[in-house]
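> Each chain, written out:
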Amino acid sequence: MLKIDNLHVSIEGKQIIKGLNLTINKGEVHALMGPNGSGKSTLSYVLSGKEGYEIDKGAIEYNGKNLLDLDVDERANSGLFLAFQYPMEIPGVQTSFFLKTAINSKRKFLGLPEVDALEFAKLIRSQAEDLGISSEMLKRDLNVNYSGGEKKKQEILQMSILKPDMAILDETDSGLDIDALRIVSEGVNKLRSEQNSFLVITHYQRLLNYIKPDYVHIIADGRIVKSGDFTLALELEEKGYEDISKIAS
Amino acid sequence: MNTAVKLDSSMDISNYSEKVLLNNPFENFKLENYKYAQLHKNISSDVSLEHYEIDLSSISSIKNLELSDALDIDLHSYLNKWNYKNTDSYFRVNSISERSSIKIDLDLFEEEILHLDLSLFKENIQINKVNELQKTIIINSSNFSDHIPRSIILNLSKNANLNVIHYSISNSKSFLYFEINQQNNSNVKFITFQSDNIHTRNEFFSSLEENCSLDLYGLNIHNHGVNDNYSFIQHMKPSSQSREVFKSIVNNGAVTNFQGKIYVDPVAQKTDGYQMSRSLILDNDSKANNKPELEIYADDVKCSHGSTVSKLNQDQVYYFKSRGINEDQALKILQKAFLVETLEAIENSQIKEYSYNLLEMRL
Amino acid sequence: MAATEQTIKQVNSLGNSEYKYGFSTELDEIKAPKGLSEETVRFISAQKNEPDWMLDWRLNAFKVFNKLPKPNWAKLNIPDIDYQDYYYYSSPKSLKDKPKSLDEIDPEILKTYEKLGIPLKEQKILSGVAVDAVFDSVSVATTYKKQLNDLGIIFCSISEAIQEHPDLVKKYIGSVIPVSDHSFAALNSAVFTDGSFVYIPEGVRCPVELSTYFRINAINTGQFERTLIIADKNSYVSYLEGCTAPMRDENQLHAANVELIALDNAEIKYSTVQNWYPGDREGKGGIYNFVTKRGVCRGNSSKISWTQVETGSAITWKYPSCILQGDNSKGEFYSVAITNNKQQADTGTKMIHLGKNTSSKIISKGISAGKAQNTYRGLVSINSRASNSRNFTQCDSLLIGNKCGAHTVPYIESSNADSTIEHEATTSKINEDQLFYCMQRGLNSEDAVGLIVNGFCKEVLQHLPMEFAVEAQKLVAISLEGSVG
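Protein chains in written order, with the working numbering: chain A, 1 to 249; chain B, 1 to 363; chain C, 1 to 485.
Since the hints were derived computationally from the structure, they do not count as laboratory data. Any given hint might turn out to be false.
Covered stretches of chain B (chain A as the covering partner; in silico rule of three or more C-beta atoms under 8 Å from a C-beta of chain A) [to be verified]:
(1) 155-168
(2) 312-319
Subject to a maximum C-alpha distance of 27 Å in a straight line, what follows is the list of computed DSSO-like cross-link-like pairs (lysine-lysine) [what the hints assert, rightly or not]:
(3) Lys-233(C) / Lys-371(C)
(4) Lys-151(A) / Lys-332(B)
(5) Lys-139(A) / Lys-26(A)
(6) Lys-100(A) / Lys-237(B)
(7) Lys-151(A) / Lys-311(B)
(8) Lys-352(B) / Lys-100(A)
(9) Lys-371(C) / Lys-85(B)
(10) Lys-100(A) / Lys-239(A)
(11) Lys-146(C) / Lys-171(C)
(12) Lys-139(A) / Lys-332(B)
(13) Lys-237(B) / Lys-332(B)
(14) Lys-108(A) / Lys-352(B)
(15) Lys-336(B) / Lys-100(A)
(16) Lys-50(A) / Lys-122(A)
(17) Lys-50(A) / Lys-163(A)
(18) Lys-171(C) / Lys-350(C)
(19) Lys-352(B) / Lys-63(B)
(20) Lys-302(B) / Lys-371(C)
Ideal placement from N, C-alpha and C gives every residue a C-beta, glycine not left out.
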């Protein structure tokens with residue numbers, strides 16, 4: 001589904017990603033772990049199409065298409081979803097209104113009719129309940145005065161409504177307590193299927209106990225230095241990031 | 001520093017406004033208060049304005065005011081009554097000289113909501129409110145093409161309460177002078193919604209006595225030419241509160257200006273004054289000028305103002321797009337979000353909804 | 001409330017504020033005949049032995065001055081200035097034949113500078129400050145000249161620059177503040193007597209702070225200095241300006257012109273600690289300070305920053321400005337303005353964004369006490385071509401007592417859709433709780449107010465070069481001694 005080939009990315013002339021290769025097939029869950037500054041967030045922004053990043057070299061193929069040709073919203077409507085590490089606050093825009101607009105954009109893109117009010121209300125309510133988001137919160141402005149945990153849950157709510165094919169979770173576990181972590185992970189696991197894939201970016205191995213990956217990659221200094229299965233994560237946890245060079249060899 | 005000019009029988013009224021100008025060199029309003037207004041320019045344009053009908057049929061319990069509801073009055077003596085410190089308005093002087101005047105007592109009407117359609121009146125209008133009971137007046141100034149200034153003077157007695165919604169749509173050269181005089185313990189919420197105009201200027205002069213509150217909110221969108229809003233709020237007695245928020249979105253080579261002064265008298269301790277003017281410019285042919293001013297003579301006060309001219313937050317646009325919402329739609333939603341704060345103060349839910357819809361259509 | 005009232009009483013009893021620089025020096029002087037006419041201009045030019053091109057430039061400026069109306073849009077009560085009632089040139093006789101070293105200078109003059117605490121003897125100099133001293137209209141001596149010369153840096157009086165470096169002067173003088181800009185600019189151009197000239201060549205970082213001290217000594221002399229600072233590509237200079245004036249009954253006139261030019265990647269830092277005589281408590285006898293200061297960030301990525309502490313002068317009218325012409329250039333303005341008794345100040349800045357990606361920052365702190373009026377007047381203007389530019393402005397006013405006024409008049413103009421201007425202003429008085437807290441810890445009310453006010457100004461004071469920062473803090477306290485309350 002997603003094929004990243006020899007990617008080089010720089011920001012304002014400074015090289016961040018220096019030759020990254022990654023292939024994710026349908027139905028797979030990949031974890032990406034690495035120290036601060038290794039390029040994890042940069043990768044997620046580049047995949048979603050954020051401005052400000054120079055693609056110096058390399059290609060990204062998504063479902064057979066050149067991802068770099070598509071604009072941000074086109075990528076989203078094609079099934080790519082990024083759950084942000086720091087979700088934006090948008091005062092003046094009601095949460096439920098935002099969700100409705102997003103669903104309808106995707107439906108329009110797919111040539112489907114817009115969702116009707118009743119359908120939408122049912123959809124939202126059940127998903128929100130599972131994630132512990134009150135209906136009162138849905139009436140508030142998007143992410144305004146939400147706690148860190150509430151913001152993350154909001155991201156997962158959006159994901160469960162938009163049902164992406166390729167979801168990237170950028171440090172979704174940061175700032176979450178154990179309960180929130182469990183709820184968020186359940187939300188993610190419920191969506192897993194043979195048809196979609198996940199790229200879980202995290203610092204800590206703990207999240208991976210709840211969202212079990214099929215593959216684990218270690219990223220350092222802008223490149224993937226080692227790949228393996230779940231046991232790699234345990235090894236990393238034990239040895240720490242400083243020993244990455246040892247792990248990599 | 002400014003001199004009121006007495007109007008006496010030896011004076012020709014048509015020269016009166018000139019005299020006022022000559023006698024006030026420092027705060028010469030040709031330079032200062034009209035700095036960005038470009039009134040001397042004869043703005044002609046090939047923009048034809050669509051006639052827009054304000055349709056208030058969805059609002060219940062509303063009375064449409066007519067000439068028969070008003071009484072004739074003479075405001076000429078009022079020209080000598082120099083209410084405002086350090087500044088005068090050419091519009092005030094000119095409108096009272098050029099037009100006759102009438103007065104309307106809001107307490108005489110049962111209905112809670114009154115509709116004043118200015119196209120039905122040629123006069124300056126003095127509106128009085130004495131009673132404590134809350135009333136709302138919708139002042140509709142739309143589809144005008146009339147360059148003679150007009151005054152609308154609101155007088156609130158002690159403890160009176162009034163909501164004012166002003167719609168200004170599709171006007172070409174409309175000059176309105178609003179005066180809001182509040183006696184002790186009175187409260188006013190004034191919302192002015194301005195769109196699709198070309199070359200207009202609205203002035204809001206407010207004088208507050210003790211323990212009053214004034215909320216003045218302004219919304220400006222989709223205008224052409226030069227559109228100017230000027231406010232002057234003076235706190236003359238202690239413990240009053242004023243809150244002003246003006247927001248504009250400027251495009252199509254238009255110029256939108258906001259000048260607002262807060263004056264605090266030496267005796268007006270414990271004044272709480274807040275003013276925020278924010279403009280969003282959408283293209284490089286358009287221009288926004290803001291001049292928020294503070295003139296403060298009392299020390300135990302809390303006065304602040306803020307002003308920003310900016311573009312939309314690109315990160316917010318990106319967030320929308322990352323959820324599949326295309327750029328045009330995202331911009332529209334974010335622009336509405338930017339302006340909507342000014343409408344939130346509308347208390348009546350029907351009027352509020354009508355205003356939201358109006359905004360949607362204008363975007 | 002009680003604490004402040006108590007302080008007001010204490011302060012009122014102090015009588016006149018301590019102006020310790022109010023003394024004058026007995027000297028023989030050469031003076032131009034009183035009044036302002038074409039003869040005056042010629043007299044000045046002749047005294048300085050100026051080349052023809054300079055005389056012509058002055059005469060042209062004088063013509064322009066006569067045509068321009070006096071500006072009156074500031075919120076000031078300017079009593080009419082009788083231009084004929086001033087002497088436009090005054091120099092101590094002994095300087096006529098230029099002294100070649102400090103030993104040759106009239107000891108009276110040297111004593112004056114010693115009293116002021118200004119180091120002219122090189123041994124006593126604070127390391128890192130090169131001083132050019134201007135006594136009335138003539139530059140007395142310039143320290144560190146040789147060392148700076150070796151680096152190619154020119155730091156001398158403007159009179160000397162006109163003789164020794166005419167090409168540079170001709171190229172840049174009047175290029176930032178055109179003669180016709182306004183009447184005080186024209187007046188200064190016609191009768192300027194001296195000032196500093198600085199040129200930093202390409203790639204050089206000036207190793208010392210450059211400084212000039214002005215003193216208006218003779219009665220009824222107006223000080224018209226002119227400063228021109230040019231920082232060539234990739235250079236850096238930090239310049240300090242400070243001045244004092246003796247107590248006089250007649251108001252004295254100070255109309256200076258300062259022009260700064262920064263080329264590609266250059267940076268100029270200009271700091272002023274100004275404590276001209278403010279006039280007595282009735283407002284009589286202080287200095288009229290009308291200064292035009294403007295910097296042009298001509299080159300790309302250049303930077304000019306103005307830092308000032310203004311506590312003196314009876315009437316201040318001053319708007320150090322930056323024209324941000326080069327792309328990526330930066331302008332900064334940090335100011336503390338204190339007015340007391342009957343002082344009036346209308347000061348601020350202008351930031352004009354012409355190039356792309358330009359940014360400006362304005363932090364203005366105004367403190368108003370006694371019966372003073374303190375106005376901030378600033379302009380931020382973004383041209384339609386100046387895409388992606390930013391401005392941030394913060395102006396805060398502090399009112400001490402109930403008879404003064406603090407006013408803010410910002411002009412915000414933007415024609416560019418990609419730029420951002422943010423402006424915030426607050427007006428308040430000293431926080432009662434803070435005052436109580438300090439006093440509860442043993443500080444008397446004056447010290448408490450001084451502490452709080454210094455905290456209020458900290459953001460600005462920290463931008464002053466170290467040598468000035470200490471003086472500035474003391475100055476803030478002194479100015480408030482007569483005002484706190």
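> If a hint holds in the structure, say so; if it doesn't, say that too.
Taking the hints in turn, this is what the structure says about them:
Counting residues of the region 155-168 of chain B whose CB falls under 8 Å from any CB of chain A gives 0; the rule of at least 3 is not met. Counting residues of the region 312-319 of chain B whose CB falls under 8 Å from any CB of chain A gives 5; the rule of at least 3 is met. Restraint check for Lys-233(C) and Lys-371(C): not satisfied, since their Cα atoms lie roughly 47 Å apart, outside the 27 Å limit. Proposed proximity of Lys-151(A) and Lys-332(B) is supported: the alpha carbons are some 24 Å apart, at most 27 Å.
Straight-line distance between C-alpha atoms of Lys-139(A) and Lys-26(A) comes to about 36 Å, which puts the hinted pair past the 27 Å bound. The hinted pair formed by Lys-100(A) and Lys-237(B) fails the criterion: a straight-line CA distance of about 50 Å is larger than 27 Å. Of the supplied pair hints, the one linking Lys-151(A) and Lys-311(B) holds, its CA atoms being roughly 25 Å apart against a limit of 27 Å. Between Lys-352(B) and Lys-100(A) the alpha-carbon distance is near 22 Å, which keeps this suggested pair within the 27 Å criterion.
As the CA atoms of Lys-371(C) and Lys-85(B) are separated by approximately 19 Å, the hinted pair is consistent with the 27 Å bound. For the proposed pair Lys-100(A) and Lys-239(A), the alpha carbon gap of about 46 Å is over 27 Å, so the pair is violated. This hinted pair checks out: Lys-146(C) and Lys-171(C) have alpha carbons roughly 24 Å apart, not beyond 27 Å. Restraint check: the Cα-Cα separation between Lys-139(A) and Lys-332(B) comes to about 20 Å, which is no more than 27 Å; the hinted pair holds.
Between Lys-237(B) and Lys-332(B), the direct Cα distance comes to roughly 43 Å. Violation of the 27 Å bound is thereby established for this hinted pair. For the hint pairing Lys-108(A) with Lys-352(B), the CA-to-CA distance comes to about 30 Å; that exceeds 27 Å, so the pair is violated. For the hint pairing Lys-336(B) with Lys-100(A), the CA-to-CA distance comes to about 16 Å; that is within 27 Å, so the pair holds. About 33 Å separates the Cα atoms of Lys-50(A) and Lys-122(A), which puts this hinted pair outside 27 Å; it is violated.
As the CA atoms of Lys-50(A) and Lys-163(A) are separated by approximately 21 Å, the hinted pair is consistent with the 27 Å bound. With a CA separation close to 24 Å, the supplied pair Lys-171(C) and Lys-350(C) stays within the 27 Å bound. The straight-line distance between the Cα atoms of Lys-352(B) and Lys-63(B) is roughly 17 Å, inside the 27 Å bound, and the hint therefore holds. Note on Lys-302(B) and Lys-371(C): the hinted pairing holds, with a Cα-Cα distance of about 20 Å set against a maximum of 27 Å.
Hint violations for this structure: numbers 1, 3, 5, 6, 10, 13, 14, 16, all remaining hints satisfied.
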